[in-house]
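Asker: Sequence:
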Amino acid sequence: MLYNIFAMLRRTDIKEPSIKDISQLYDVLTNEEKEKVLKNHKAIHYKKNDVIYHEGEVPDGLLCLGSGKVKVYKIGFGGRDQIVRMANPPGFIGYRAFFAEGPHVASAVVIEPCTIFYIPKALVFELLENNHKFSLNIIRSLAQELGFSRYRTVTLTQKHIRGRLAESLLVLKDIYGFEEDGITLNVFLSREDLANFSNMTTSNAIRTLSTFVNEEVIHVDGRIIRILNIEKLEKISKLG
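Residue numbering for the sequence shown follows our numbering, starting at 7 and increasing by one per position.
Read the hints as simulated data drawn from the structure, not as lab findings.
Any given hint could turn out to be false.
[Unchecked claim] Taking CB as the label site, the calculated pair distances span:
1. D180 <-> E222: 32 to 40 Å
2. K80 <-> K127: 18 to 26 Å
3. I212 <-> S155: 39 to 47 Å
4. H138 <-> D66: 49 to 57 Å
5. E63 <-> H225: 22 to 30 Å
6. L148 <-> D66: 14 to 22 Å
7. I189 <-> N136: 44 to 52 Å
8. H166 <-> E135: 46 to 54 Å
9. L148 <-> E185: 29 to 37 Å
10. P126 <-> D56: 19 to 27 Å
[What the hints assert, rightly or not] Listed below are the simulated SDA-like cross-link pairs for lysine to any residue, each with C-alpha atoms no more than 25 Å apart in a straight line:
11. K80 <-> P96
12. K127 <-> V64
13. K127 <-> K241
14. K244 <-> I189
15. K244 <-> T208
16. K26 <-> A128
17. K45 <-> N55
18. K127 <-> I189
19. K139 <-> A149
20. K127 <-> G108
21. K26 <-> K80
22. K45 <-> V130
23. K238 <-> T161
24. K165 <-> F194
25. K26 <-> A149
26. K53 <-> G84
27. K26 <-> V130
28. K80 <-> S196
29. K48 <-> Q88
30. K48 <-> G84
31. K54 <-> S196
32. K40 <-> T208
33. K40 <-> N143
34. K42 <-> T121
35. K42 <-> E135
No residue lacks a Cβ here, since even glycine has one placed at the ideal position from N, Cα and C.
The whole structure should be built from the sequences, with the hints applied where relevant.
Answerer: The following block contains the structure:
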């Protein structure tokens, strides 16, 4: 774990993220619109565990994730968190509430230092009115997130514990990918976060992880998880 962190700190090819990296936004804009976005956006840096927005707050701008990792969670009954989304760059966060012009129904917290680009509401709606390609990109993003949310709602309520945890590991793989070795998940979650993402208690998550380790499906070293047998993990997820 420490080796991975130090190796990243030594890297010289990591560039500062730019609003230009948010392709869903930037690529479809005219040169004039790009210039206006460059002049009017803000780059905000967050540390690990910083709160980007709280449930109940009303957004006044569009938030674009330029780098880092963010979890979006809702406090459920009994005070237990339910992680509803794991966000990765480049992309938008909190934009359902923004376009609905209502409050956030969940909170967003940083799990890996990130950069957020803030674009004022007036400018976003000006772009929506004048650039149909930008509008279509926003609609496409909302539709994709809605489809994934509906899928997760069904699987997290109908699958057994093993199936839920297996699926969560595969979803994390799809979102964040592997490190250079091709087996280590490129995200390091606490057992509690992994449980909250899988709709189970922390104790159940720990026991199920141990079972997967004994079955040689995964290898666990602290928060580092390596997937050793992805075919078996996919089978467990499919069987539920």
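Asker: Evaluate each hint against the coordinates.
Answerer: Consistency of the hints with the structure:
1. D180 <-> E222: 32 to 40 Å: violated (22 Å)
2. K80 <-> K127: 18 to 26 Å: holds (24 Å)
3. I212 <-> S155: 39 to 47 Å: violated (27 Å)
4. H138 <-> D66: 49 to 57 Å: violated (24 Å)
5. E63 <-> H225: 22 to 30 Å: violated (40 Å)
6. L148 <-> D66: 14 to 22 Å: holds (19 Å)
7. I189 <-> N136: 44 to 52 Å: holds (47 Å)
8. H166 <-> E135: 46 to 54 Å: The hint (46 to 54 Å, Cβ to Cβ) holds, given that H166 and E135 are roughly 48 Å apart.
9. L148 <-> E185: 29 to 37 Å: Hint holds: Cβ distance 31 Å, inside 29 to 37 Å.
10. P126 <-> D56: 19 to 27 Å: About 21 Å separates the Cβ atoms of P126 and D56, which means 19 to 27 Å holds.
11. K80 <-> P96: Holds. K80 to P96 sits at ~23 Å (cutoff 25 Å).
12. K127 <-> V64: Within the cut-off at roughly 12 Å; holds.
13. K127 <-> K241: Violated: K127 and K241 sit about 45 Å apart, past 25 Å.
14. K244 <-> I189: holds (20 Å)
15. K244 <-> T208: OK: K244 and T208 at ~22 Å, within 25 Å.
16. K26 <-> A128: Cα-Cα ~20 Å, so holds.
17. K45 <-> N55: The given pair, whose Cα atoms are some 29 Å apart, is violated under the 25 Å limit.
18. K127 <-> I189: Violated, because 41 Å separates the two Cα atoms, which is more than 25 Å.
19. K139 <-> A149: holds (15 Å)
20. K127 <-> G108: Distance ~13 Å between K127 and G108 Cα, so the pair holds.
21. K26 <-> K80: Violated, at about 31 Å.
22. K45 <-> V130: holds (13 Å)
23. K238 <-> T161: holds (18 Å)
24. K165 <-> F194: holds (24 Å)
25. K26 <-> A149: holds (23 Å)
26. K53 <-> G84: violated (28 Å)
27. K26 <-> V130: holds (15 Å)
28. K80 <-> S196: holds (17 Å)
29. K48 <-> Q88: The hint is violated at about 30 Å.
30. K48 <-> G84: Since the Cα atoms of K48 and G84 sit roughly 37 Å apart, the hinted pair is violated (cutoff 25 Å).
31. K54 <-> S196: holds (13 Å)
32. K40 <-> T208: Status violated; Cα separation ~46 Å.
33. K40 <-> N143: Status holds; Cα separation ~16 Å.
34. K42 <-> T121: holds (20 Å)
35. K42 <-> E135: holds (15 Å)
Figure legend: structure checked against the earlier numbered hints; hints not met, in rising order: 1, 3, 4, 5, 13, 17, 18, 21, 26, 29, 30 and 32.
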